[in-house]
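Protein chains in written order, with our numbering: chain A, 1 to 379; chain B, 1 to 370.
Hints listed in this document are in silico derivations from the structure and should not be mistaken for laboratory results.
Treat the hints with caution; some may be incorrect.
[To be verified] Sample of chain B residues facing chain A (criterion: CB under 10 Å; computed from the structure):
| # | residue |
| --- | --- |
| 1 | K165 |
| 2 | A265 |
| 3 | S280 |
| 4 | E304 |
| 5 | S306 |
| 6 | M307 |
| 7 | H365 |
[To be verified] Over the 12 Å line for every Cβ pair with chain A, so calculated as not near, a few chain B residues:
| # | residue |
| --- | --- |
| 8 | E164 |
| 9 | S167 |
| 10 | E204 |
| 11 | N218 |
| 12 | T219 |
| 13 | K255 |
| 14 | P263 |
| 15 | K309 |
C-beta atoms are modelled at their ideal positions from N, C-alpha and C, and glycine is treated no differently.
Each chain, letter by letter, is given below.
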Amino acid sequence: MNFQLSEEHQQLREMIRDFALNEVAPTAAERDEEERFDREIWEKMAELGLTGIPWPEEYGGAGFDFLAYAIAVEELSRVCASTGVTLSAHTSLAGWPVYKFGSEEQKQKYLRPMAEGKKIGAYCLTEPGSGSDAGGMKTTAKLDGDSYVLNGSKIFITNGGVADTYVVFAVTDPTSKHKGTSAFIVESTFPGFGVGKKEKKLGIRSSPTTEIIFDNCRVPKENLLGEEGEGFIIAMKTLDGGRNGIAAQAVGIAQGALDAATEYAKERVQFGKPIVVNQGVAFKLADMATSIEASRLLTYNAAWLESNNLPYGKESAMAKLMAGDTAMSVTTEAVQVFGGYGYTKEYPVERYMRDAKITQIYEGTQEIQRLVISRMLTK
Amino acid sequence: MMRDMVRQFAEIEITPFIERMEQGKFPHEILKKMGELGLMGITVPEIYGGAGMDFTSYILAINELSKVSAVVGVILSVHTSVGTNPILYFGTEEQKKKYIPKLASGEYLGAFCLTEPEAGSDAGALKTKAVKQGDHYVLNGLKVFITNGGEADVYIVFASTNPEKGSRGISAFIVEKDTEGFIVGKDEKKMGLHGSRTVQLTFENMKIPAENLLGSENTGFKIAMANLNIGRIGIAAQSLGIAEAALEAATGYAKERIQFGKPIAINQGIGFKLADMATSVEAARLLVYKAANLQSLGLPCGKEASMAKLFASKTAVQISTEAIQVFGGYGFTKDYQVERYFRDAKVTEIYEGTSEIQRIVISKHQLKMK
Numbered sequence: 001m002n003f004q005l006s007e008e009h010q011q012l013r014e015m016i017r018d019f020a021l022n023e024v025a026p027t028a029a030e031r032d033e034e035e036r037f038d039r040e041i042w043e044k045m046a047e048l049g050l051t052g053i054p055w056p057e058e059y060g061g062a063g064f065d066f067l068a069y070a071i072a073v074e075e076l077s078r079v080c081a082s083t084g085v086t087l088s089a090h091t092s093l094a095g096w097p098v099y100k101f102g103s104e105e106q107k108q109k110y111l112r113p114m115a116e117g118k119k120i121g122a123y124c125l126t127e128p129g130s131g132s133d134a135g136g137m138k139t140t141a142k143l144d145g146d147s148y149v150l151n152g153s154k155i156f157i158t159n160g161g162v163a164d165t166y167v168v169f170a171v172t173d174p175t176s177k178h179k180g181t182s183a184f185i186v187e188s189t190f191p192g193f194g195v196g197k198k199e200k201k202l203g204i205r206s207s208p209t210t211e212i213i214f215d216n217c218r219v220p221k222e223n224l225l226g227e228e229g230e231g232f233i234i235a236m237k238t239l240d241g242g243r244n245g246i247a248a249q250a251v252g253i254a255q256g257a258l259d260a261a262t263e264y265a266k267e268r269v270q271f272g273k274p275i276v277v278n279q280g281v282a283f284k285l286a287d288m289a290t291s292i293e294a295s296r297l298l299t300y301n302a303a304w305l306e307s308n309n310l311p312y313g314k315e316s317a318m319a320k321l322m323a324g325d326t327a328m329s330v331t332t333e334a335v336q337v338f339g340g341y342g343y344t345k346e347y348p349v350e351r352y353m354r355d356a357k358i359t360q361i362y363e364g365t366q367e368i369q370r371l372v373i374s375r376m377l378t379k
Numbered sequence: 001m002m003r004d005m006v007r008q009f010a011e012i013e014i015t016p017f018i019e020r021m022e023q024g025k026f027p028h029e030i031l032k033k034m035g036e037l038g039l040m041g042i043t044v045p046e047i048y049g050g051a052g053m054d055f056t057s058y059i060l061a062i063n064e065l066s067k068v069s070a071v072v073g074v075i076l077s078v079h080t081s082v083g084t085n086p087i088l089y090f091g092t093e094e095q096k097k098k099y100i101p102k103l104a105s106g107e108y109l110g111a112f113c114l115t116e117p118e119a120g121s122d123a124g125a126l127k128t129k130a131v132k133q134g135d136h137y138v139l140n141g142l143k144v145f146i147t148n149g150g151e152a153d154v155y156i157v158f159a160s161t162n163p164e165k166g167s168r169g170i171s172a173f174i175v176e177k178d179t180e181g182f183i184v185g186k187d188e189k190k191m192g193l194h195g196s197r198t199v200q201l202t203f204e205n206m207k208i209p210a211e212n213l214l215g216s217e218n219t220g221f222k223i224a225m226a227n228l229n230i231g232r233i234g235i236a237a238q239s240l241g242i243a244e245a246a247l248e249a250a251t252g253y254a255k256e257r258i259q260f261g262k263p264i265a266i267n268q269g270i271g272f273k274l275a276d277m278a279t280s281v282e283a284a285r286l287l288v289y290k291a292a293n294l295q296s297l298g299l300p301c302g303k304e305a306s307m308a309k310l311f312a313s314k315t316a317v318q319i320s321t322e323a324i325q326v327f328g329g330y331g332f333t334k335d336y337q338v339e340r341y342f343r344d345a346k347v348t349e350i351y352e353g354t355s356e357i358q359r360i361v362i363s364k365h366q367l368k369m370k
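If we strip away everything but chain A, and leave its shape as in the complex, we get (with noise of 0.2 Å):
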């Protein structure tokens, strides 16, 4: 990879971070209570390009890559990582598998609107009796004239409710396991569509997650996403770019951890002086920046890769997994330093303690990737 950013990276940088600290922090602690997603943060994002970074002009989008991409969600995970999460699932889950997979009527129809933020997209794969086992899934697709009828009901979507198309798993020929799943592109308006239970969360609260019911759902023919049968690699090969966004919402959950550690540090006087300069705690400092620049390097090296058409399924899986750890340990370290005024709602650390945890488990567990690297190793 290039180690150095490009111009155009760094001043895309400094614009998301701008646009971060004006229009996405100030309300972020308000709307993790409320359990509140906020449309107009959505649209301020569209009309800066937000929504469509790396793909083609021609599709709505910003022709940028997927560094920048990865870029874009950091940065507004380091103040919200609900935010964060809304533009990753949008982008990677819902963009992705249309913009790969999709005919270049889908993509006109459903790429577009989504790469310019008119529509939100979200991704339904996971049931209840699937979670990392994703082919156990029960959700049935049936062809009936020139529609598929779904039925079944997916659980823990992101964006649910408030996206507009769903990329979605069902099960087109029972006797066979793998080969027997279709991506299907949804519309919220679909007769037969339906939001169930919205999920009461530890964190990312203001990023909706809900149920999604498809009770003789008719999706149209010409929304079968690739061919039939083809559902079940079109999701796993979307989740291996999904892992890079995740893992660039974990390296920005971290480093706003670290940024508000570090100011606290400086100016928390006890026994007469900063407690930033205890070795206890500046060494503590040091370790969180180590960890998080290592996650950083090994998530924008992914990045990287797809952007330039280079297999990236162990590096993402990699930089999943060291991110995901990171944002854990250095947001429980971040309370650590502010000690019981960490554990209040007055200081933001709480909020990325709690948002942490979901990036160990989404996008694939650690368990998961651990598997994804480990085959990779020893095949």
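Using the hints provided, position chain B relative to the given structure of chain A.
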């Protein structure tokens, strides 16, 4: 290309020599061949007989050599970063012409004498004294933990010329091995890095010509500190090499070793261990090469060099420890290389600035950040 060349050299020329180094034999023969290939002066400009390559090429070489032998890696690192570079950066034209071509060709080996019994991390506290008498200086004192000591031909020696001024009263000198009063003392018996000599050096009324003062009087501390980043990235690359070798050995063994009717790698207890090891190694590699890239471009890299050194050395210790675990009882024996990696790894957390010193550097940078 550089990587392939060094890798091939290491595998063909160094591997057969490992056993002798483990017995304590210093690898002169290897260094001679490295000199012929231009590896002893990779970053030295061609006008002084070097290969004139960039810093990243040098780091690639340390990385690849250390995968086979951490001993050869550290010898080259010390020879280049603190044996040769101080003369290259601070020497007069005469000093450069006299010493650099011989160091770059491998005819001379370089070393660096800063540490003393009471002056480790606190390098400014050194007690060795240099007193000017006419056209020479007279040095008296004791230096410890000198890598390449006794084998090297040229030593960059630090001594106080103005003890009242502490670190601002230190000067640097170029000292040749056969100078009268230069006494090689105790050879350290070490946990690892067998084959790399680490000795005490005593200077007894050692007379050094005034023209061998490096830089001006009392600027020695600056000279000592000037190559810190280069030295740290070098040791970070050595650590990375050790970690890579341990990971490679453990992965290979886990695929072959059959227990309960299947390769042990199939068990998540082993497979996940390997995944964590590989992830740390990949992160260490990126930190090392990012720091090297900054140094190659002449950009500030103090924080990045310390992060690379801190992270890569910790990774080397962890990975080599886990590698032995993967090998089980066999890993504890000398039949396999992993116990050597384990012993060699520990010192990377200590020399060229302990991990604690790296944390001091990093936290200072971190606190300056907005």
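Results of checking the hints against the structure:
no., hint, result
1, K165, "violated, 26 Å"
2, A265, "holds, 4 Å"
3, S280, "holds, 8 Å"
4, E304, "holds, 8 Å"
5, S306, "holds, 8 Å"
6, M307, "holds, 5 Å"
7, H365, "holds, 8 Å"
8, E164, "holds, 28 Å"
9, S167, "holds, 21 Å"
10, E204, "holds, 39 Å"
11, N218, "holds, 30 Å"
12, T219, "holds, 29 Å"
13, K255, "violated, 5 Å"
14, P263, "violated, 8 Å"
15, K309, "violated, 10 Å"
Consistency note: the structure conflicts with the earlier hints numbered 1, 13, 14, 15.
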